[in-house]
Structure formats: structure tokens, C-alpha cells
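Please work from the sequences and hints to get the whole structure.
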Amino acid sequence: FPGQVELFTHYLCIQNIVKRLQKEDYRLAAVHLVDAYHCSDPSRFISIALVSLMTMLRLELPHINILSKVDLIEQYGPLAFNLDFFTECLDLERILQFLDNP
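Mind the numbering: the sequence shown is residues 485 to 586 in our numbering, read in order.
None of these hints come from the bench; they were simulated from the model. Treat each hint with caution, since some may be false.
What the hints assert, rightly or not - FRET-style restraints, in silico, Cβ to Cβ:
1) Ile530 x Leu556: 15 to 23 Å
2) Arg504 x His547: 15 to 23 Å
3) Gly561 x Tyr510: 36 to 44 Å
4) Tyr495 x Asp555: 20 to 28 Å
5) Pro562 x Glu508: 23 to 31 Å
Positions of the beta carbon are idealized from the N, C-alpha and C atoms, including for glycine.
Given below as C-alpha cells:
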């Protein structure tokens with residue numbers, strides 16, 4: 485269901501489809517494709533991380549986040565952290581100092 489994040493976060497329709505497929509013994513996983521643009525700003529990163537978490541909780545499926553367009557990330561300006569921080573996301577407190585800065 486590409487591009488329709490509202491279906492996962494606000495409505496039960498996709499969750500009902502997933503449950504029905506699971507009753508038919510299909511093994512499913514959710515894949516969340518995230519544009520690297522969302523790592524160019526700490527507030528955008530937190531926002532997309534929360535959307536991903538909400539989707540994961542709603543669908544109750546194994547979840548994979550994929551960071552796309554990484555080759556274009558330098559066009560968005562300097563990053564507050566190296567790319568490893570955004571892929572591992574272990575300590576969000578390190579982002580706090582950058583939220584108030586433009």
C-alpha cells in the first residue's frame with residue numbers, strides 16, 4: 485500500500501486485511517520505505533520514526549525500515565550526525581540540542 489500512511493495509522497482497514505491473510509496462513513512482514521530527506525533534519529527524523537513505530541504497532545507484523553535515496557542525502561545540507569546514527573537510532577537524546585536550531 486505505497487504512499488498511503490494514513491491507512492496504517494488512522495484506520496483499521498489494512499489491519500483487518502492483514503489479519504485475514506494471516507488466518508489463511510500467509511506469513512507477512514511490513515516494509516517502510518523512508519526517504520533520506522527525513523534524516524536531513526532532526527525533527528523530520530523523529531516524526532518519521534514515530535510514524536514507522538505507529539505502523540509497526542498497528543499492524544503487529546515484523547517490520548523493516550529501508551532508507552532510500554541515500555545517494556542524494558548530501559544535497560539536503562550537512563547532517564547533524566553521521567549516517568550510522570540514523571540507521572541504528574540508539575540514543576535520541578543526542579538529537580534534542582538540534583531541534584531548536586534551524
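Right, here's what the structure says about each hint:
Our hint of 15 to 23 Å for isoleucine 530 and leucine 556 holds, since their Cβ atoms are close to 21 Å apart. Taken as a hint, the range 15 to 23 Å holds for the pair arginine 504 and histidine 547, whose Cβ atoms sit roughly 19 Å apart. About 42 Å separates the C-beta atoms of glycine 561 and tyrosine 510, a value consistent with the hinted range of 36 to 44 Å. Hint check: tyrosine 495 to aspartate 555, Cβ distance near 34 Å, so the stated range 20 to 28 Å is violated.
In this structure the supplied range 23 to 31 Å is violated for proline 562 paired with glutamate 508, their Cβ-Cβ distance being about 49 Å.
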